[in-house]
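Enquirer: Chains as they are written, first to last, in the numbering used here: chain A, 1 to 350; chain X, 1 to 597.
Hints are computed from structural coordinates only; laboratory data are not their basis. Predicted model only: the values in this text are computed from it and were never measured. Glycine included, C-beta positions come from ideal geometry on N, C-alpha and C. Worth double-checking, as some hints may not be accurate.
Only part of the chain X face toward chain A is listed, based on derived beta-carbon distances under 10 Å [claimed, not checked]:
(1) M220
(2) G353
(3) A485
(4) P585
(5) E588
Covered stretches of chain A, going by a simulated chain X footprint (3 or more residues, C-beta under 8 Å) [claimed, not checked]:
(6) 97–105
(7) 141–155
(8) 271–284
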Amino acid sequence: MQSFFIIAILVLGFLITFQIAKASEYVAILRGEEKARKQTNKINGFMLLVFLIVGLIGVYYCNEMLRGKILGTPASDHGVLIDRLIYITLAITFVVFLLTQIALFWFCYKYQESDNRQAYYYPHNNKLEVIWTVIPAITLSILVGFGIFYWFKITGAPPKGATIVEITGSQFKWEFRYAGKDKVLGKKYYKNIDGAANNPLGQLWDDPYNKDDVYSTGEPLRLVVNKPVELVINAKDVIHNVGLPHFRLKMDAVPGTPTTLWFTPKYTTKEMKEKTGNPNFVYEIACDQMCGKGHTGMRGEIEVITQSEYDMWMLSRKSQYLVANPDKDPAAPKPATDSLKIAAATTQPK
Amino acid sequence: MHLHPEVASHDVYEEEHHGHHKETFISKYVFSMDHKTISKQFLITGIFWAIIGGFFSVLFRLQLGFPDQSFPFLETLFGHWAQGGKISPEFYYALITMHGTILVFFVLTAGLSGTYANLLIPLQIGARDMASPFLNMLSYWFFFMAGCVMLASLFITTGPAAGGWTIYPPLSALGEASIGSKLGMDLWLVSMALFIISSLLGGLNYISTILNMRTKGMSMTRMPLTIWALLFTAILGVLSFPVLLSGAILLLFDRNLGTSFFLSDIYIAGQALPNEGGSAILFQHLFWFLGHPEVYIIILPAMGIVSEILAISSRKPIFGYTAMVGSLFAITILAFLVWAHHMFVTGLNPFLGSVFTLLTLLIAVPSSIKVFNWLTTLWRGNIKFSPASLFSIGFVSMFISGGLTGIFLGNSAIDIHLHDTMFNIAHFHLVMGVAAFFAMFAGIYHWFPVMFGRYMNNTLGYIHFWITMIGAYLIFWPMHYQGFAGMPRRYLDKSSWASFSQFHELDKMITVVTIIVFAVQLMFVFNFFYSIYKGRKVTKQNPWGATTLEWTTPIRPGHGNWEGEIPEVHRWPYDFGKDGREFIPQTEPIGENESKH
Numbered sequence: 001m002q003s004f005f006i007i008a009i010l011v012l013g014f015l016i017t018f019q020i021a022k023a024s025e026y027v028a029i030l031r032g033e034e035k036a037r038k039q040t041n042k043i044n045g046f047m048l049l050v051f052l053i054v055g056l057i058g059v060y061y062c063n064e065m066l067r068g069k070i071l072g073t074p075a076s077d078h079g080v081l082i083d084r085l086i087y088i089t090l091a092i093t094f095v096v097f098l099l100t101q102i103a104l105f106w107f108c109y110k111y112q113e114s115d116n117r118q119a120y121y122y123p124h125n126n127k128l129e130v131i132w133t134v135i136p137a138i139t140l141s142i143l144v145g146f147g148i149f150y151w152f153k154i155t156g157a158p159p160k161g162a163t164i165v166e167i168t169g170s171q172f173k174w175e176f177r178y179a180g181k182d183k184v185l186g187k188k189y190y191k192n193i194d195g196a197a198n199n200p201l202g203q204l205w206d207d208p209y210n211k212d213d214v215y216s217t218g219e220p221l222r223l224v225v226n227k228p229v230e231l232v233i234n235a236k237d238v239i240h241n242v243g244l245p246h247f248r249l250k251m252d253a254v255p256g257t258p259t260t261l262w263f264t265p266k267y268t269t270k271e272m273k274e275k276t277g278n279p280n281f282v283y284e285i286a287c288d289q290m291c292g293k294g295h296t297g298m299r300g301e302i303e304v305i306t307q308s309e310y311d312m313w314m315l316s317r318k319s320q321y322l323v324a325n326p327d328k329d330p331a332a333p334k335p336a337t338d339s340l341k342i343a344a345a346t347t348q349p350k
Numbered sequence: 001m002h003l004h005p006e007v008a009s010h011d012v013y014e015e016e017h018h019g020h021h022k023e024t025f026i027s028k029y030v031f032s033m034d035h036k037t038i039s040k041q042f043l044i045t046g047i048f049w050a051i052i053g054g055f056f057s058v059l060f061r062l063q064l065g066f067p068d069q070s071f072p073f074l075e076t077l078f079g080h081w082a083q084g085g086k087i088s089p090e091f092y093y094a095l096i097t098m099h100g101t102i103l104v105f106f107v108l109t110a111g112l113s114g115t116y117a118n119l120l121i122p123l124q125i126g127a128r129d130m131a132s133p134f135l136n137m138l139s140y141w142f143f144f145m146a147g148c149v150m151l152a153s154l155f156i157t158t159g160p161a162a163g164g165w166t167i168y169p170p171l172s173a174l175g176e177a178s179i180g181s182k183l184g185m186d187l188w189l190v191s192m193a194l195f196i197i198s199s200l201l202g203g204l205n206y207i208s209t210i211l212n213m214r215t216k217g218m219s220m221t222r223m224p225l226t227i228w229a230l231l232f233t234a235i236l237g238v239l240s241f242p243v244l245l246s247g248a249i250l251l252l253f254d255r256n257l258g259t260s261f262f263l264s265d266i267y268i269a270g271q272a273l274p275n276e277g278g279s280a281i282l283f284q285h286l287f288w289f290l291g292h293p294e295v296y297i298i299i300l301p302a303m304g305i306v307s308e309i310l311a312i313s314s315r316k317p318i319f320g321y322t323a324m325v326g327s328l329f330a331i332t333i334l335a336f337l338v339w340a341h342h343m344f345v346t347g348l349n350p351f352l353g354s355v356f357t358l359l360t361l362l363i364a365v366p367s368s369i370k371v372f373n374w375l376t377t378l379w380r381g382n383i384k385f386s387p388a389s390l391f392s393i394g395f396v397s398m399f400i401s402g403g404l405t406g407i408f409l410g411n412s413a414i415d416i417h418l419h420d421t422m423f424n425i426a427h428f429h430l431v432m433g434v435a436a437f438f439a440m441f442a443g444i445y446h447w448f449p450v451m452f453g454r455y456m457n458n459t460l461g462y463i464h465f466w467i468t469m470i471g472a473y474l475i476f477w478p479m480h481y482q483g484f485a486g487m488p489r490r491y492l493d494k495s496s497w498a499s500f501s502q503f504h505e506l507d508k509m510i511t512v513v514t515i516i517v518f519a520v521q522l523m524f525v526f527n528f529f530y531s532i533y534k535g536r537k538v539t540k541q542n543p544w545g546a547t548t549l550e551w552t553t554p555i556r557p558g559h560g561n562w563e564g565e566i567p568e569v570h571r572w573p574y575d576f577g578k579d580g581r582e583f584i585p586q587t588e589p590i591g592e593n594e595s596k597h
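Using the sequences plus the hints, can you model the full thing?
Expert: Here you go:
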């Protein structure tokens, strides 16, 4: 019923507009077409000026309304650089935007058709052309300079000692693998992937680097504050993208072609909660590359914690090697009688 | 400039045969070889697709603005794709994919270039028809077939392609990955292959016509900017579309013949696929090697149309003709050297990223030359605001706004944050979507008298302009803010995200405005078809006081365009307000005492 009304109103409005438009043609003929045209011309010239003024007010208003909802504090070192470059670009483009839009609409208003004026025959002026080739070229070289300088900082090699974490996307979830004590991720092969055998990433168990790699999914990716981290990014099925809006970074996850991305988180989740005044603050991982019907729900979380919290948490984790091969686990209950003792030993804090 | 012998012989040929052969309904309106009829066929087919593509955007905006609400009429229309009146995710992705494909290829490539190249090239350079009218007819009918295949894909059980208009594999290669990657994707690829053939046949024809069939006195430097723009557009298309064709064929192989061009190391639906050694990124290179020139294929004709109309309506010559041609040329060259800026975050070598940043931002130089020249054209003019000139002014405004945001995205260090967010959506919709549409509208209002011998209703034209102009900014301006917040594109419901759910009210507003703007476009379509039959008749040969040759034909020109001889050209096309005269047609010889420009 509601949609019927909406359609009825639309059709009615449409008919009325059409009748007015048709009538205006007859009126124009009655009043003299040239005269009617000149009057319409004045109205449109004035409207263009109004559009400029209302538009600029609108831009200001929109900015005031939405400012608080965008870029919070960048949560990584790279994010600081990127935000700075955004603000530099914003400053330059906004000035150009203002000048050109004002010129456009002002000229339209000022030089609208008038019987007292003749258009000025002005076909070219090479000096002007040179000026507005050179000025944009200089401005852009500044932006390119900053851009490339920051780009190499962001995409350059990570500092030595960076934590290495692997993140793997698949329809529609994220899986993480921490490199463990040896700081090297063990080899894997996609044909070894076998969920039933506790090998969701296809790790090769005879690679010694795999012995201490810790697997985790369905819980936040845990990173250490102020410690560089290198993400090794993978995908199992289609292209995904690790989007980190708070850190201002993203990188595609491509099946068959691992990519990397490194950054240093600046604030723990707890600090961000205080900074933003939002007790529910979380760092989110958003899939930014369309990956199928569940794309919208491909959400992950990152929890940035301190080194000691991280160490404590790591202690509680078993490497995937031991999960998949429980018979190799020295802590596994071999003789039934010892099980109580061992259980007690593993839960004891260090 | 002397007349090329082939042109002369062609001329005689036409003269002899024109008027002798009888035209049936089929040969006049269906399988016509008259460039003017083919132009109308392209335009009307383009309008048909624009309505479908636009309607799809209204549907997915409903989902974005009101994700919790159910709309029973959707279930009535689409059955299980919108169970309970809510758009299913598969349907949502099919809608956005088709919206992009239809508007980019069928409307803004075929509908824009096809219409204006066919209409204007022979008329403005003084030719009786295209170099090969037969290829020209084939070009339309290949486009028509491409449309049929795409239309058919909307009605199959598994639905049309749903991997985004960029159809990145592996998503588009594997039926297991998405329901839209089943039969719908094959149809998409076949349709695109047909479309590319159409575009190549058209493009080759446009180039050879412009180079060989100019009338006496029409040297290259006397061509209107529309023709220059259409020439560069055709060159871009001819050089870049075949690359997409190869990508599409390789993807068809991967899908159906078990090859591994784009597939490697894939574990999907509980199974490891045998494909190894392919590269998913390779496809993106092939795609964007067309995909980026494609946006210039869309915007160059728009620039040409706007340059022409702005000069005519401000009664002044276009400022800096040489610089305008030069910047079109520079854009054409650079168009081939920037494709990887769509791939900054694919793991591309960072050094390459920096090269592409430099080349991408270079494009801002010719673009700003064009903007400043348009502004100077308006400066000290005597501007008449017809709907055509308003849309051209709107084009410049949109092009500035959308062009400036390109400086953010073209810079790799910013793109790493803004890539694939709503900022991107806002950018390209303003700069090539809305702007190109504005030029298309401007062209329709302006050349309607040439096409149909009647005028469109002006009042409806003004309403159309103002609501569209205001609406376009209301829709796309706020999206920049969503992008700054990192909100990804192609999400159908943000409510479960802590970082993006703050824009709910904004999305509602955008949806409402979208519906209004779409309704106004329907009004334009009505105005268009109504005016073909009932519009005011054109009584003056040259109603806008233009200088170019299309206004020297009879009011309803037959096949062959000019009765008697083809006009001879003596001057450039922008002698407005020279020596105190309002305008001097190109056909008028240079006077003895005339000043030089």
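Enquirer: List, from low to high, the hint numbers that the structure doesn't satisfy.
Expert: 1, 4, 5
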